[in-house]
Amino acid sequence: MKKKVFCLLLVAAFLLSSCGQAATPTTAPEAKPTDTSTAGETVNLSYAMWDTAQLPATEKLISAFEEKYPNITITPETVPWDQYWNKLQTAVAGGEAYDVFWMNIPYFQQYAAKNVLLNLQPLIQSSNYDMSVFYPALVASYSYENNVYGIPRDYDTTALFYNKDLFDAAGVAYPTDKWTWDDLKEAAKKLTTKDTWGFASAFGDRPGYWDFIYSNGGDVNTPDGKVILDQPAACDAIKYYYSFIDDGTSPDGPTLLATDPAETLFPNGKVAMMVYGSWGAGAFAQISTAHIDVAPIPVGKVPGSSMHGLANVIWSGTKHPDAAWEFLKFLGSEDAAKILANTGTVIPAYKGMESAWVSAIPSMNLKVFVDAASYAKPWPAVLLGTEWETKIQDVFKEVWQGNRPMDDQACAQAAADANAVLGK
Amino acid sequence: MPFLPKSKMARQEALWGYALASPLLIGCAVFFYLGMVASFILGFTQWDVLTPPTWYGLGNYFYLFKDHVFRMALWNTTRYALLQVPLSLTIALALALALNQNIRFRNLYRLIYFLPALTMPVAISFVWKWIYAPGYGILNQLLSSLGLPNVRWLDDPHVAMYSIIIMGVWMSIGYAMIIFIAGLQNIPRIYYEAAIVDGANDWQKLSHITVPLLTPTILFNLITSVISSFQMFDFIYVMTSGGPSNSTRTVVYSLWEEGFRFFRMGRATAMGWILFMIILFLTIFQLRTQKRWVYYE
Amino acid sequence: MGLLRVNWRHIILHILLIMGGIITAFPFLWMIATSLKGPDEVFSLSFSILPRAWNFNNYPQVFEILPFGRFYLNTIIVTVARTIGQVLICAMAGYAFAKLRFPGKNFLFVAVLAIMMLPSQITLIPNYILLKYIHWIDTYQGLIIPSLFSAFGTFLLRQFFMTLPSEIDDAAKLDGCNPLQTFIHIALPLARPGLVAFAVLVVLWSWNDFLWPLIITNSTNMQMLSVGISYFQNPHVTNYALIMAAASLTILPIMIIFIISQRLIIEGITMTGLKM
Chain A
31 MKKKVFCLLL
41 VAAFLLSSCG
51 QAATPTTAPE
61 AKPTDTSTAG
71 ETVNLSYAMW
81 DTAQLPATEK
91 LISAFEEKYP
101 NITITPETVP
111 WDQYWNKLQT
121 AVAGGEAYDV
131 FWMNIPYFQQ
141 YAAKNVLLNL
151 QPLIQSSNYD
161 MSVFYPALVA
171 SYSYENNVYG
181 IPRDYDTTAL
191 FYNKDLFDAA
201 GVAYPTDKWT
211 WDDLKEAAKK
221 LTTKDTWGFA
231 SAFGDRPGYW
241 DFIYSNGGDV
251 NTPDGKVILD
261 QPAACDAIKY
271 YYSFIDDGTS
281 PDGPTLLATD
291 PAETLFPNGK
301 VAMMVYGSWG
311 AGAFAQISTA
321 HIDVAPIPVG
331 KVPGSSMHGL
341 ANVIWSGTKH
351 PDAAWEFLKF
361 LGSEDAAKIL
371 ANTGTVIPAY
381 KGMESAWVSA
391 IPSMNLKVFV
401 DAASYAKPWP
411 AVLLGTEWET
421 KIQDVFKEVW
431 QGNRPMDDQA
441 CAQAAADANA
451 VLGK
Chain B
128 MPFLPKSKMA
138 RQEALWGYAL
148 ASPLLIGCAV
158 FFYLGMVASF
168 ILGFTQWDVL
178 TPPTWYGLGN
188 YFYLFKDHVF
198 RMALWNTTRY
208 ALLQVPLSLT
218 IALALALALN
228 QNIRFRNLYR
238 LIYFLPALTM
248 PVAISFVWKW
258 IYAPGYGILN
268 QLLSSLGLPN
278 VRWLDDPHVA
288 MYSIIIMGVW
298 MSIGYAMIIF
308 IAGLQNIPRI
318 YYEAAIVDGA
328 NDWQKLSHIT
338 VPLLTPTILF
348 NLITSVISSF
358 QMFDFIYVMT
368 SGGPSNSTRT
378 VVYSLWEEGF
388 RFFRMGRATA
398 MGWILFMIIL
408 FLTIFQLRTQ
418 KRWVYYE
Chain C
472 MGLLRVNWRH
482 IILHILLIMG
492 GIITAFPFLW
502 MIATSLKGPD
512 EVFSLSFSIL
522 PRAWNFNNYP
532 QVFEILPFGR
542 FYLNTIIVTV
552 ARTIGQVLIC
562 AMAGYAFAKL
572 RFPGKNFLFV
582 AVLAIMMLPS
592 QITLIPNYIL
602 LKYIHWIDTY
612 QGLIIPSLFS
622 AFGTFLLRQF
632 FMTLPSEIDD
642 AAKLDGCNPL
652 QTFIHIALPL
662 ARPGLVAFAV
672 LVVLWSWNDF
682 LWPLIITNST
692 NMQMLSVGIS
702 YFQNPHVTNY
712 ALIMAAASLT
722 ILPIMIIFII
732 SQRLIIEGIT
742 MTGLKM
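Chains as they are written, first to last, in my numbering: chain A, 31 to 454; chain B, 128 to 424; chain C, 472 to 747.
Below, computed lysine-lysine pairings styled on DSBU-like, alpha-carbon distance capped at 30 Å:
1. Lys349/A x Lys98/A
2. Lys332/B x Lys418/B
3. Lys269/A x Lys220/A
4. Lys269/A x Lys215/A
5. Lys368/A x Lys407/A
6. Lys269/A x Lys256/B
7. Lys219/A x Lys397/A
8. Lys194/A x Lys269/A
9. Lys576/C x Lys644/C
10. Lys194/A x Lys219/A
11. Lys407/A x Lys397/A
12. Lys133/B x Lys576/C
13. Lys90/A x Lys397/A
14. Lys256/A x Lys193/B
15. Lys397/A x Lys368/A
16. Lys381/A x Lys397/A
17. Lys224/A x Lys208/A
18. Lys300/A x Lys194/A
19. Lys421/A x Lys454/A
20. Lys193/B x Lys454/A
21. Lys407/A x Lys381/A
22. Lys224/A x Lys256/B
23. Lys135/B x Lys576/C
24. Lys215/A x Lys194/A
25. Lys418/B x Lys576/C
26. Lys300/A x Lys256/B
27. Lys421/A x Lys256/B
28. Lys407/A x Lys208/A
29. Lys133/B x Lys644/C
30. Lys644/C x Lys418/B
31. Lys644/C x Lys135/B
32. Lys421/A x Lys193/B
Stretch by stretch, here's where chain A covers chain B in the computed footprint (C-beta under 8 Å, at least three residues):
33. 170-179
34. 279-285
35. 388-401
No wet-lab data here; the hints were simulated from the structure.
Source: prediction; values computed, not measured.
Heads up, the beta-carbon is just placed ideally off N, CA and C, and yes, glycines get one too.
So that you can see chain A by itself, here it is in the shape it has in the complex (with noise of 0.2 Å):
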């Protein structure tokens, strides 16, 4: 009995210690917490991030930052992809997180809202700092309740990636900015043979069908967030996606959910087009087997394509906050902008900073990308977590499984059942 009350009264400390530590942060969200390193002592920060691929840009960087604050010290930590969220609510509900990191903006807006970031409005303001060298819309994305919480570090755009060998097999003209629908239907029929598929439909909402429901002029969500797939300019849209696939100019749903036909049948030239992000620009330059080049997305209405970009951010309850934003000052600079873009990795968020990307593959057309920064719609910010996105991917799935037609009524149940679980 007395064995049983002491475990229950130090599982009760425990609680309340986690309690303690994650509540710090909800008692003051608009004042600056007080930095606690005192001048001249070396403040040593992590500093997390997801991608490996990534890591010699970002030593690069954090070389070039400690030269210039040699009293900082910077401590890089890679989290696998696939554990990066756990890892990181899991040290936020321990109650000691890294004290910057990158954030994504599917996850954005629930870590914000939580009191987790770092508001980084008064420390703009006061220090003056230019927000307008990014992009609006990414600036947007990571902002809650007007204030900023994040400073953009890369984005990507999606277009319409093709394989020149086949066109040239098939003696059709490479796709251009003025491409239509009705011209990207056209040439994937005349791709089409025994061997090959003019497109692939990939699974996906991006890349994949929400780009094709910005080119028709639609959108997924409203401004206030409630999702509106089931409107017409998106489910047209989807439909027409799908269509490929109804067709015989792309390869099966099935065959699509079982590898990622960016990694296999574009690669092995089974497929003459998809659209896909410009992250893969770097990879499909690689093939040896294939000349890929880039087009923009055919317009359906209106350009369309869909943007995402990552941002640094800083935990809210660091100890070292003014170390943090010299850091995240450095990160969103244009020299940090000029070190990224030269390692062609990514597009740095820095306005003006991309043509070291561009230039970095000569034998593809990288500006389209950077074209479509200017007209692509950003993740809808607005919508909060992942679990909306999930319910309409398990829709759509069913019908890429082939267990349920793409028509109207799966349009509905993802919009319904993604605004369930909003709340709207």
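Starting from the known structure of chain A, arrange chains B and C on it as the hints suggest.
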């Protein structure tokens, strides 16, 4: 200490019992029971992990009793266990019997059949996705060459669970086999020698000596297989995400999704405890009925 | 006549075993084959097991990209410590549950089993908080000690100890041995098959343990192999050939341990005088 037995011998034995078991028990208390009690309490809260939990009483449990998706997960999990456990154990037992004899390449066979247990779900799931792939997947290619129609192994709601079961059986045979082999080796050779002297044939040796003396091991494999099959997660996570049409959604997958993807850790914890109750019930049932068929020396 | 019968049975057995063996080993062979392919070839749609162009480059690359050698070291340290510790602790407890009488034994035994019945995902965060409290995050102790207490192992060894005839214990008691001595000198040697099987499994699980090491280690040079492999997965581009190479490297040592362990077990206990 009022509950200790009166006699000195018995008391000494009891104290020794506690002494030998104490490292384990203390370690369990600190590193398991504390966490378990904490999680039990969390089942009565709503907790988004990022902010402190708020009391919710029986709210999570009420929700789960009414939720048809959770009921489906329970049913799928049971279906999985009902098929995977007998299949795994039967095959593993047959293998252990075969590989306990003095045949050539015995150790090589043992290694081969143990290999699936060695691989990590992450790496091997990719291979299985390939095997199950439509069109160019090996299984479907085999079917095509025999003139049979392709099967949508992972996309057909009526088939997907069986595809997962096959993977589960493939993976778990190695574990059960290695324990069965150990159990077989534990049977003293003297019994067999005496039986041969008595003129017993192979079948009689199997049914009167091997199987009865193997029952402690069978019980062990049965209980542990049931416990682990009810917690099937890895393959669902990598291969199907609970689909198609929730046909492969297991309880632990739902639990992980609710807690780690959707930030509803309170509800996830409640799910875990419901599963716990079910597994506990089944285990106690197996332990209680063991007197009827398990034969310790 | 007798000779002919034995040959046939063995031949059929071999055929079945080989067929089953091919099916069983196939995914594993594919994994190795993929690790030897160049990035172009990983997804050739035509069914070819063997690489068209043998590419051994993936293996050195694995070591170049990540401190794989360090991962190996960490995994070995943790695994050896866990194996020794678990076998000792669970053998003692298993023996106590099997052979000694003490009040509350059955309840405690079920309580120990209960540990296996709760999905570990929901105790992850509470346990993480506990370890943070005692400053064991990112340390070897944190990786080793919480994992020393295995319900599985206790249960397994208890079953094995229960098969030992009670006459032996009585004889030992008459000789003046206390339970500890009986345990060390008599029970342990007799339960060798169970101990070896358990040790192999502990090695295996420790080697492939993923979730726990992931959560409680932060710095890259404390990582274990299992987590190291997942570093090759990126959100957009996954180099499957590298993952397969990393996975193959990971499996190799356990295969060797398994082979060694099979040699350690003597066929059927033949210690005269002790087993009736």
